[in-house]
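Protein chains in written order, with numbering that gives the first Met the number 0: chain A, 0 to 233; chain B, 0 to 294.
Possibly wrong hints are sitting among the right ones.
What the hints assert, rightly or not - Straight-line Cα separation of at most 25 Å, DSS-like style, residue types lysine-lysine; simulated pairs:
1) Lys68/A - Lys35/B
2) Lys114/A - Lys163/B
3) Lys165/B - Lys114/A
4) Lys35/B - Lys106/A
5) Lys288/B - Lys127/A
6) Lys87/B - Lys68/A
7) Lys68/A - Lys288/B
8) Lys153/A - Lys163/B
Treat the hints as calculated values from the structure; they're not laboratory data.
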Amino acid sequence: MLKINDINVYYGAIHALKGISLFVNEGEIVTLIGANGAGKSTTLRTISGLLSPKTGSIEFMGKNIAGLKAHDIVREGISQVPEGRRIFAEMTVQENLDLGAFIRTDKEGIEEDLKNVFGRFPRLLERKDQLAGTLSGGEQQMLAMGRALMSRPKLLLLDEPSMGLAPLFIREIFSIIKDINETGTTVLLVEQNANMALSVANRAYVLETGRITVTGDAKELSKSEEIKKAYLGG
Amino acid sequence: MDFSQQFFQQMINGISLGSIYALIALGYTMIYGIIKLINFAHGDIYMVGAYIGFFAITQAQIHIFPAILISMVVTGILGILVERLAYKPLRHAPRISVLITAIGVSFFLEYTSMYFVSPTPRTFPAMLGGVSIHVGELVINGQQLTILGVTILLMAILTYVVQKTKIGKAMRAASFDTETAELMGVNADRVISFTFCIGSALAAAAGVMVGMYYNSIDPLMGIMPGLKAFVAAVLGGIGILPGAVVGGLILGIIEALVSGFISSTFRDAAAFAILILVLLIKPSGIFGKNTREKV
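Working from the sequences, and respecting the hints, build out all of it.
Structural data, given as structure tokens:
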């Protein structure tokens with residue numbers, strides 16, 4: 000479904016991604032793990048078009064999307080939940096979700112998806128007329144995910160969904176991620192919480208300073224001594 | 000005329016003048032909200048609007064209301080062109096470069112206009128002179144009624160567009176966080192164009208009505224109201240739409256009261272004294288929140 004081939008991305012003079020290649024099959028949950036500054040978020044931001052690669056290609060559903068603008072890439076069926084949630088704090092929960100469906104014109108479909116989102120996150124329904132900035136961190140994460148789902152994406156990019164959340168919420172968020180995947184959305188997940196990420200993912204890539212160093216089945220990686228030592232806290 | 004009558008008469012004058020400031024200030028604040036630029040050319044856009052209205056009325060012999068509409072459309076397009084040609088190439092440049100460019104655009108509009116329409120002030124044809132409402136001793140004349148009516152109508156439309164429509168939501172989202180709005184599929188460039196169009200059209204309406212109110216227009220007429228509207232926008236809280244309206248009205252009323260009770264030569268001083276006070280006491284303006292720097 001998604002095939003990244005040898006991309007190089009720069010932030011000014013900083014060479015952030017050094018020839019990264021990866022792929023995501025339809026129906027999978029794939030996770031990118033690695034330390035701070037390894038290039039995980041940069042990879043997602045490049046896929047969603049906020050950054051563009053200097054060289055290399057990004058193929059989505061057989062089409063090269065490298066270099067397309069972010070607002071066009073959403074229309075191809077890729078939706079991103081950005082790091083730090085980035086909800087529109089001064090707008091209501093409902094308006095945030097409306098913006099998630101910005102690219103769509105099928106009123107009935109939007110209505111249906113809105114119901115689905117409220118079904119998945121009942122708390123958002125209770126607070127739909129509240130300003131999004133008044134929600135708790137966990138609720139904001141739910142809103143950011145709901146908003147991303149409103150575009151009815153084929154591929155959902157999640158950037159650090161567990162960041163700054165209480166352990167109970169983290170568990171909830173991950174079970175929702177699994178559930179979203181089971182209802183037919185492919186997921187590419189970036190996480191620092193490698194334990195949780197590996198427990199839900201099918202496959203994983205390990206990033207280190209802009210390069211992929213290890214890749215494989217998520218279950219196997221979570222047993223690997225090397226990975227345990229580096230990312231799973233012993 | 001006793002004191003209270005004088006007071007209320009000046010209030011009426013102040014609200015009319017304040018509505019004009021509010022219309023111009025809305026453009027300032029919308030543009031600031033979305034690209035964080037104090038568009039110093041905005042006062043000159045208003046001047047161009049006044050001239051387009053003037054030529055529509057004198058050359059095409061049309062009434063004031065269609066003239067306002069035509070001026071809004073043409074000036075709206077001018078706003079888009081200014082943004083595309085002058086500011087868009089500087090989207091990732093330091094803010095000071097864009098600010099200096101705005102001052103350049105301001106001079107460009109002033110002196111290009113002088114070249115084409117001559118620096119001599121033009122006399123706006125008298126309109127709606129016969130209409131007026133008398134409430135006791137107070138007089139609200141036809142021009143003031145027009146200013147109030149048109150301003151209220153435009154603000155109602157603007158509120159509807161910004162709050163309820165898809166492009167309005169996109170505008171608010173892009174003002175708050177452009178990058179995330181892009182992730183939602185919002186084309187930020189298009190939203191910015193739209194913002195310049197609306198802001199310029201509002202200024203054009205103000206320009207035509209001022210021409211009608213004071214009977215005179217000239218190519219440098221935009222400088223002072225431009226600065227005053229900037230004060231109004233800062234007073235209300237730059238980037239906040241209701242702030243621009245309230246700021247404009249307060250400024251207009253204070254100016255009218257100062258002219259009426261002290262001396263009209265002091266009214267400009269009063270306006271800028273307000274700017275100094277706001278900057279000293281509450282730089283974020285009446286409606287402004289204390290902004291935290293995002294990390």
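Hints, one by one, checked against the model:
1. Lys68/A - Lys35/B: holds (22 Å)
2. Lys114/A - Lys163/B: holds (21 Å)
3. Lys165/B - Lys114/A: Measuring from Cα to Cα gives roughly 20 Å; hence the hint holds.
4. Lys35/B - Lys106/A: Judged against 25 Å, a Cα distance of about 34 Å means the pair is violated.
5. Lys288/B - Lys127/A: holds (23 Å)
6. Lys87/B - Lys68/A: holds (16 Å)
7. Lys68/A - Lys288/B: violated (33 Å)
8. Lys153/A - Lys163/B: Judged against 25 Å, a Cα distance of about 29 Å means the pair is violated.
Of the numbered hints stated above, those contradicted by the structure are hints 4, 7 and 8, listed in ascending order.
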